[in-house]
Amino acid sequence: MTDTTATSAEQDLVARWQKYIHASPYNRELGVLPQAAQPDWFVLKVDYKDFLVGDPKTGVIHGGVITALLDAACGFSIFMKLPEIKPMATLDLRMDYLKPATPGRAILGGAVCYKLTSELAFVRGAAYHETPDDPIAMAVGIYMFTSGRPVITEKVEGMQ
Amino acid sequence: MSWAERINQACTNNDWRPLIDAVPFARFLDLRIDVKGEEFTCILPFQEKLIGNPILPALHGGATGGFLECAGIFYLLWHMDSQELPKTIDFSIDYLRSGRPKDTYANVFMVKQGQRVANLRIQAWQESPDKPIALGHGNFMLRG
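So the sequence lines, in the order shown, correspond to chains V and R.
For the first sequence, position 104 (counting from the first letter as 1) is numbered 104 according to the numbering used here, and the numbering increases by one without interruption.
For the second sequence, position 84 (counting from the first letter as 1) is numbered 84 according to the numbering used here, and the numbering increases by one without interruption.
Derived by calculation from the structure, the hints in this document are not laboratory data.
The beta carbon of each residue, even a glycine, is placed where N, CA and C say it ideally should be.
There could be a bad hint or two in this list.
[Unchecked claim] Here chain R is said to cover these stretches of chain V; the calculated rule only asks that three of the stretch's residues, wherever they fall, bring their Cβ under 8 angstroms from a Cβ of chain R:
#1 52 to 60
#2 91 to 99
#3 121 to 133
Produce the complete structure using the sequences and hints provided.
In structure tokens:
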């Protein structure tokens, strides 16, 4: 589903998304980076860093980091299905933690918006190292479009 | 030092800093814990880096969510004299109001304390506990 060995065109696209992802200070702090921007799988990455650890004995990254990664990936996956950016907010997000992340390894967070209405977007995502078929965590969420000015004001290539 | 020892020390000295500092991600969030008798409150002091939407501005949903989960884990350590760090099995977050750029508080309610699993409901608020900004609900594995 996800090709992490991106082509140069894909890398350009990813670089363009980076400035929008980093419009959010929290994404920037955690070091969230775009990895792939496909209509059916928007992927973000967070590298392993000591300050993200939740269990000092094992060095496993805290679940809260995965929540942030997947919340962001789910949000951006919605943009991939929109003709124009609309401001939105997370209504709910559920995370299932299937296995601990491997210490020292980057975590990928991929998401797809599988249903869109005029007011709501339904998303699902997975956090993983290699492939979404072997997930660290699964997420399912609902986002609601809101009023106000969007953080992103221009159209990014790759959007519908 | 075991988790139970850290909790004992925190209760004795009424200083939760060493416990928080033992969890790097909690330290990154600069969390605080306030225990008054049986009342446990976890605090997420506002920092610019917690912002998700700079236009509103609003806290990042992942920051609020991670805070709720941390609050649940610390609550269990405190409440259970746990030897081990509880592990989150699943965690659901309802976002009720936009998180403003100010301090956020979390109160934890044990819905069910089982032998192996604890079910928690965690409420985050800013202005007043009557106006929660987010609700967390999850199962935590206590041992094994």
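(request) Compare the structure with the hints numbered earlier in the document and write down the numbers of the violated ones, lowest to highest. (result) 3
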